[in-house]
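Peer 1: Line order of the protein sequences matches chains A and B. Using the numbering used here, read the first sequence as starting at 1045 and increasing by one per residue. Using the numbering used here, read the second sequence as starting at 61 and increasing by one per residue.
Since the hints were made in silico from the structure, they are not lab data. The model shown is predicted, which means the values in this text are computed figures rather than measured ones. The C-beta atom is built at its ideal place from N, Cα and C for all residues, glycine as well. Incorrect hints may appear among the rest.
Simulated restraints, written as ranges between beta carbons of each label pair [claimed, not checked]: (1) T1079(A) - Q93(B): 29 to 37 Å; (2) E148(B) - G1103(A): 35 to 43 Å; (3) T1079(A) - L188(B): 30 to 38 Å; (4) E169(B) - P1099(A): 34 to 42 Å; (5) V168(B) - T1068(A): 41 to 49 Å; (6) G156(B) - Q1092(A): 24 to 32 Å; (7) F194(B) - Q1092(A): 39 to 47 Å; (8) Q1092(A) - P72(B): 33 to 41 Å; (9) R1091(A) - E90(B): 44 to 52 Å.
Computed from the model, here is a short list of chain A residues facing chain B with C-beta under 10 Å [what the hints assert, rightly or not]: (10) D1053; (11) G1055; (12) H1059; (13) A1063; (14) V1077; (15) S1084; (16) R1088; (17) R1105; (18) P1110; (19) I1113; (20) E1114.
Sample of chain B residues lacking proximity to chain A, with all beta carbon distances greater than 10 Å (derived) [said to hold, decoys possible]: (21) V70; (22) G170; (23) R175; (24) E185; (25) R186; (26) R187; (27) F194; (28) D195; (29) W206; (30) I208; (31) E209; (32) C211; (33) D212.
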Amino acid sequence: MKVLLISNDAGGYAHHVEAPDNTTVQQMFERHVGTFHADSYLIRVNRQPAAADQPLRDGDRVSFTPLKIEGAI
Amino acid sequence: MAKLLYLRDVGPSEVGGFGISNADDLLLVEDIQLVEQVCSVVSVEFDDDSVADFFDQQVDMGRQPEQFARIWIHTHPGASPSPSGTDEETFERCFGGVNWAVMHIIAVEGNTYTRARFNVGPGTERRLRSRVEFDFEFPAADHEAWFIEYCDNVTVDDPFTSRRPFAESYDLDWWEQTPSAADRWSDSLLEAVS
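Let the hints inform the model, and build the full structure from the sequences given.
Peer 2: Okay, here's the thing in structure tokens:
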């Protein structure tokens, strides 16, 4: 299956990637980002929050975006 | 740059956003885009869902993350643009896993701080000098659109009142200076003359 992966990590992703059927969100994260540390990212599938064990389907849009971007003096 | 200065000065708080880079020159910032955020005079905090929405919108527009998610820009009150501990922690935590990223801070009094970090190979960091590039075309100022973008995204966290979107405080005309004694005297004089 193919999913659209959006992530800023490493070189950045915003393109379709191949994945085996029934790949979970966590497996996708570990494959493309690294050790699963969900507390550092907002993980969404088709623009909705997703659980780590949610299986992905062909055509899904998966995004890993940073949490708590904040500045102060 | 004009938009950044406008956004910095239009409200009573810090403000932040992402730089949108030229596709062929990633260190040439052509626009700054706000996301929903809660700001105070001394802090800015992006809304996580709004950041994710921003990523989706930018990808739908055909951009890659290196064009819209690598240059983090925010303002500081006063004269010092030096990054705080919070700034450094965010730069490390949120941008430490990308190949490269830039933190740009502009203080109210005009001083700037720009630093790039490169996370590939041995990794390194380098201060950059920022400047306005006049050799490239740029769109005209659009204060109305910029103001609407500000109102749509910025919630001012005033410790002396409840949190509220900037648009609500707009009605309070907070930025209008109270009439000076000379103004009052002038008005009184006109009334007396008429």
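Peer 1: Quick check: does the Cβ-Cβ distance between G156(B) and Q1092(A) fall within 24 to 32 Å?
Peer 2: Between G156(B) and Q1092(A), where Cβ atoms are some 27 Å apart, the hint holds.
Peer 1: Just tell me: holds or violated, for the beta carbon distance of E169(B) and P1099(A) against 34 to 42 Å?
Peer 2: 54 Å, violated
Peer 1: Can we confirm that no CB of chain A comes within 10 Å of the CB of R187(B)?
Peer 2: 18 Å, holds
Peer 1: Could you check if E1114(A) really has its C-beta closer than 10 Å to a C-beta on chain B?
Peer 2: It holds, given that the least Cβ distance between E1114(A) and chain B is near 4 Å, below 10 Å.
Peer 1: So, as I understand it, the hint says G1055(A) touches chain B; can you test that by seeing if any CB pair is closer than 10 Å?
Peer 2: 5 Å, holds
Peer 1: Take a look at whether the Cβ-Cβ distance between T1079(A) and L188(B) falls inside 30 to 38 Å.
Peer 2: 31 Å, holds
Peer 1: Taking the minimum C-beta separation from E209(B) to chain A, is that value above 10 Å?
Peer 2: 18 Å, holds
Peer 1: Would you say D212(B) is clear of chain A, with no C-beta pair closer than or equal to 10 Å?
Peer 2: 18 Å, holds
Peer 1: Report holds or violated for the interface hint on H1059(A), using the least CB-CB distance to chain B and a cut-off of 10 Å.
Peer 2: Constraint on H1059(A) satisfied, holds at 8 Å.
Peer 1: With 10 Å as the threshold, tell me whether D195(B) passes as away from chain A on beta-carbon distances.
Peer 2: At about 27 Å from chain A, D195(B) clears the 10 Å cut-off, so the statement holds.
Peer 1: Hold the hint about A1063(A) up to the distance rule: shortest CB distance to chain B must be less than 10 Å.
Peer 2: Hint on A1063(A): violated, closest Cβ of chain B at ~18 Å, above 10 Å.
Peer 1: Grab the minimum C-beta distance from V1077(A) to chain B and call the hint holds if it beats 10 Å, violated otherwise.
Peer 2: It holds, given that the least Cβ distance between V1077(A) and chain B is near 7 Å, below 10 Å.
Checked against the numbered hints above, the structure breaks hints 4, 9, 13 and satisfies the rest.
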